[in-house]
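Whenever a hint applies, use it, and build me the whole structure from the sequences.
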Amino acid sequence: MNAPLYNAEILRLAASIPYHERLTAPMATAERRSPICGSRVTVDVDMGADGRVAAVGLLVRACALGQASSSLLASSIVGRTPAELAAARDAITAWLARTGEAPDWPGMDVFAPALDYTARHPSIRLAFEAAAEAAEAAANTASGHAEVSVTAPASAAAGTDV
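Quick note: the sequence shown uses this note's numbering, first residue 315, plus one each step.
It should be emphasised that the hints constitute simulated quantities derived from the structure, not laboratory data. Mixed in with the good hints there might be a few duds.
What the hints assert, rightly or not - Now the in silico label distances, taken between C-beta atoms and shown as ranges:
#1 Asp430 / Ala368: 33 to 39 Å
#2 Glu415 / Thr395: 33 to 39 Å
#3 Ala426 / Asn454: 30 to 36 Å
#4 Pro349 / Arg412: 19 to 25 Å
#5 Tyr320 / Arg366: 29 to 35 Å
#6 Leu325 / Pro420: 29 to 35 Å
#7 Thr455 / Asp423: 22 to 28 Å
#8 Gly362 / Ser389: 25 to 31 Å
#9 Asp418 / Ser330: 21 to 27 Å
#10 Thr338 / Asp418: 29 to 35 Å
#11 Gly362 / Asp423: 25 to 31 Å
Quick reminder that beta carbons are idealized off the backbone N, C-alpha and C, glycines included.
Here it is as structure tokens:
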């Protein structure tokens with residue numbers, strides 16, 4: 315691809331992550347880690363009575379791509395259902411693998427230059443994987459704190475970094 319992988323928009327997003335602070339007592343928390351680069355994204359969620367994300371907090375320790383993806387997630391997560399977050403996660407995974415259309419999530423086209431860099435895909439997926447898991451756990455938890463911590467499977471890390 316002709317566009318640079320780390321373009322100005324990626325760097326702008328990486329530097330401006332909304333909700334970049336953990337929630338004090340979230341209904342659920344999920345963390346995802348990329349085994350390739352060690353990037354980590356932790357997502358806390360509170361769900362409203364309507365079953366939609368009411369509050370979100372993030373702790374992002376990731377490369378610029380992981381930070382930019384977290385920024386896009388955080389910008390549009392409030393008001394989403396667990397099913398919508400799972401669908402976004404699945405669509406992003408399929409798009410990056412070139413087995414699906416571009417995901418219907420605002421701003422994701424900024425990652426088009428990364429399609430050829432499969433070693434970078436896990437970092438792009440981290441925030442959406444953690445958010446989908448946290449939202450599902452929160453929806454399944456009437457009260458208290460549910461925590462999920464998962465490392466991206468090695469098979470997801472296949473590919474070469476160019």
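Exercise. At the C-beta level, are Thr338 and Asp418 separated by a distance inside 29 to 35 Å?
Worked result: 32 Å, holds
Problem set entry | Pairwise beta carbon distance, Asp418 to Ser330, judged against the given window 21 to 27 Å | Distance hint for Asp418, Ser330 holds at roughly 22 Å.
For this session: Look at the Cβ atoms of Tyr320 and Arg366 and judge whether their distance stays inside 29 to 35 Å.
Result: 33 Å, holds
Exercise. Does 25 to 31 Å hold as the CB distance between Gly362 and Asp423, or does it fail?
Worked result: 29 Å, holds
Exercise. Is it true that Ala426 and Asn454 lie within 30 to 36 Å of each other by Cβ?
Worked result: With Cβ atoms ~35 Å apart, the hint holds.
Exercise. So does Glu415 sit 33 to 39 Å from Thr395, Cβ to Cβ?
Worked result: 21 Å, violated
Exercise. Okay, Pro349 versus Arg412 on CB: inside 19 to 25 Å?
Worked result: Because 22 Å falls inside the window, the suggested range holds.
Exercise. Would you say the C-beta atoms of Gly362 and Ser389 sit inside 25 to 31 Å of each other?
Worked result: For Ser389 against Gly362, whose Cβ atoms are near 18 Å apart, the range 25 to 31 Å is violated.
Problem set entry | Cβ distance range 22 to 28 Å for Thr455 and Asp423, holds or violated | 34 Å, violated
For this session: Note whether the CB distance of Leu325 and Pro420 lies within 29 to 35 Å or breaks it.
Result: 18 Å, violated
Exercise. Do Asp430 and Ala368 keep their Cβ atoms within the hinted range of 33 to 39 Å?
Worked result: 38 Å, holds
Consistency with the previously given hints fails for numbers 2, 6, 7, 8, ordered from lowest to highest.
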